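Enquirer: Here's the letter readout for the chains.
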Amino acid sequence: MSLKNKYDVIVVGAGPGGSMTAKTAAEKGLNVLLIEKRQEIGSPIRCAEGVGKKSFKKFFPVIKDEWISTKMVGVRIYSPDGTLVEISDNRAVGYILERKIFDRDLACMAADAGADVFTKTRATDLIIKDNFVKGVEGIRLGESFKVEADIVVGADGVESKVGRWAGINTTLKPKDIESGAEYLISGIPVEDLCEIYLGNDIAPAGYVWAFPKGENRANVGIGILGSKIGGKIPFDYLNEFVKKKYKNGKIIEVIYGGIPVSRPAKTFGNGIMLVGDAARFTDPITGGGITNAIESGIYAGEVAAECIKEEDTSEEGLKKYEKRWRSTIGEENDRSYLLKEFFINLPDGGLNALAHSINKIKITELSVKGLMRELIDKNPWIPAKLAKLFKKK
Amino acid sequence: MISINRYKCGYCGTCVAVCPAGAIELVGAWIEIDGESCVECNNCVKICPIGALEVSDESKK
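Residue numbers (this note's numbering), protein chains in the order written: chain E, 2 to 394; chain V, 5 to 65.
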């Protein structure tokens, strides 16, 4: 097995976004190369692993049991004074995935569809000719290589370089990224519910999460907005929380990571598209990025196939990629970004007032929209400009 | 100069995302900082979830 000299599409990064791009493009008959700089796909994880059931299911006709660690029936949000807001159903509304298995499986699906997959293979630069991305330079197992392609897709995560190499500025300002740390803790009581803890003493402009992973384990993590870090680092906050709440738990994994909470980047250019975290597609309010990565990967794979068939892989041709994500991912990002700007400046008193205003809500779908509609109904002080974003159409 | 405590670093790449100069690279299981292109904004030091990056004494002189 060796690299070919030329592919239709090279995908850099084999997370869910990259693998779905590669799978989709290969299924459409393209010659696809998928490269991953790590030696293993899916590890180390940098994720709380939660997805909404409805948004996840629409991408997969079959959801394999081994992908799912826990089916969760809802979310419990604790305001700074400890007031509980529960959003739950009797049935599963979301999943906590086992990303180590899921990510690897998606890469296998891309391979089964015909894509070449190489790990410990890192892109170090793009081949650019006449202002057009024409391929990738990299290192594989210590050997330098150059491979040409009509389209390169940057799926290289929060630390993305592909966009920058193509002249797209993807740098995140500290106010547009959450700095995160997480433990997988074993030997603790858990229910099939995700827990969220809010408060400026607990997690400034962010939150602490506890997502169940099996019978007695949970991903317990924290995200703090970069611009609010000073003195204590996220890891200190996490340790304080864990010491208080899970004194007897055993920490069996330590995880760090950054979560974009920004507007999307520019996502296309001559011969290039960006997907997933590389395109800054995470939801700025929840921090969730898995389903947006999958969705954008599917769009990028489809658009790659169309544009190669039409023999136009220029910025103009690839523009339809943005058109496609704008109406789904883009619309949600618009709302969530403004909501984030509102929440990060809300003192604990405001968070408490919101929590006091609503009781248990019955829901069938985990959505920020549904919760916000309830809150807006009961809290006329929420700025009208924000409220109107959540009005039923 | 930014120094990396490799015993703390979890090679998560958060520092890479906030570096305006593109001076940091996540290479598989470690990070590299290119001192030449570093603009000493210290964004990486502030954002690191684990405190693995520090402004080294050399540049404080």
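Watch out, some of these pointers could steer you wrong.
[Unchecked claim] Straight-line alpha carbon distances no greater than 30 Å define the calculated DSS-like cross-link-like pairs of lysine-lysine that follow:
(1) E:K229 / E:K59
(2) V:K50 / E:K135
(3) V:K50 / E:K244
(4) V:K50 / E:K324
(5) V:K12 / E:K245
(6) V:K50 / E:K267
(7) E:K101 / E:K29
(8) E:K245 / E:K29
(9) V:K50 / E:K174
(10) E:K392 / V:K50
(11) V:K12 / E:K248
(12) V:K50 / E:K147
(13) V:K12 / E:K229
(14) E:K130 / E:K147
(15) E:K7 / E:K147
(16) E:K29 / E:K121
(17) E:K229 / V:K50
(18) E:K251 / V:K12
(19) E:K233 / V:K12
(20) E:K386 / V:K12
(21) V:K12 / E:K135
(22) V:K12 / E:K392
(23) E:K244 / V:K12
[To be verified] Taking beta-carbon pairs under 10 Å as the criterion, some of the chain V residues facing chain E (in silico):
(24) Y11
(25) I37
(26) D38
(27) G39
(28) G55
(29) V59
Because the hints were derived from the structure by calculation, they are not lab data.
These numbers were taken from a predicted model, which means no experiment stands behind them.
Beta carbons are placed, not taken as given, at the ideal position from N, Cα and C, and that holds for glycine.
Enquirer: Confirm or reject each hint.
Expert: Hints, verified against the model:
1. E:K229 / E:K59: Distance ~36 Å between K229 (chain E) and K59 (chain E) Cα, so the pair is violated.
2. V:K50 / E:K135: Roughly 36 Å separates the two Cα atoms, so the pair is violated.
3. V:K50 / E:K244: holds, 24 Å
4. V:K50 / E:K324: violated, 36 Å
5. V:K12 / E:K245: Cα-Cα ~23 Å, so holds.
6. V:K50 / E:K267: Given pair K50 (chain V), K267 (chain E) holds - Cα atoms ~26 Å apart, limit 30 Å.
7. E:K101 / E:K29: With Cα atoms ~27 Å apart, K101 (chain E) and K29 (chain E) stay inside 30 Å; holds.
8. E:K245 / E:K29: violated, 52 Å
9. V:K50 / E:K174: Since the Cα atoms of K50 (chain V) and K174 (chain E) sit roughly 12 Å apart, the hinted pair holds (cutoff 30 Å).
10. E:K392 / V:K50: Judged against 30 Å, a Cα distance of about 38 Å means the pair is violated.
11. V:K12 / E:K248: holds, 23 Å
12. V:K50 / E:K147: Violated, at about 36 Å.
13. V:K12 / E:K229: holds, 22 Å
14. E:K130 / E:K147: OK: K130 (chain E) and K147 (chain E) at ~14 Å, within 30 Å.
15. E:K7 / E:K147: OK: K7 (chain E) and K147 (chain E) at ~9 Å, within 30 Å.
16. E:K29 / E:K121: holds, 26 Å
17. E:K229 / V:K50: Status holds; Cα separation ~10 Å.
18. E:K251 / V:K12: holds, 20 Å
19. E:K233 / V:K12: holds, 16 Å
20. E:K386 / V:K12: violated, 44 Å
21. V:K12 / E:K135: violated, 38 Å
22. V:K12 / E:K392: Not OK: K12 (chain V) and K392 (chain E) at ~46 Å, beyond 30 Å, violated.
23. E:K244 / V:K12: holds, 20 Å
24. Y11: This interface hint is violated because 12 Å lies over the 10 Å limit.
25. I37: violated, 13 Å
26. D38: Violated. Min distance 12 Å.
27. G39: This hint is violated: G39 (chain V) lies away from chain E, its Cβ roughly 18 Å from the closest one there, beyond 10 Å.
28. G55: This hint holds: G55 (chain V) lies near chain E, its Cβ roughly 5 Å from the closest one there, short of 10 Å.
29. V59: violated, 15 Å
In this structure, the earlier hints numbered 1, 2, 4, 8, 10, 12, 20, 21, 22, 24, 25, 26, 27 and 29 are contradicted, and the remaining ones agree with it.
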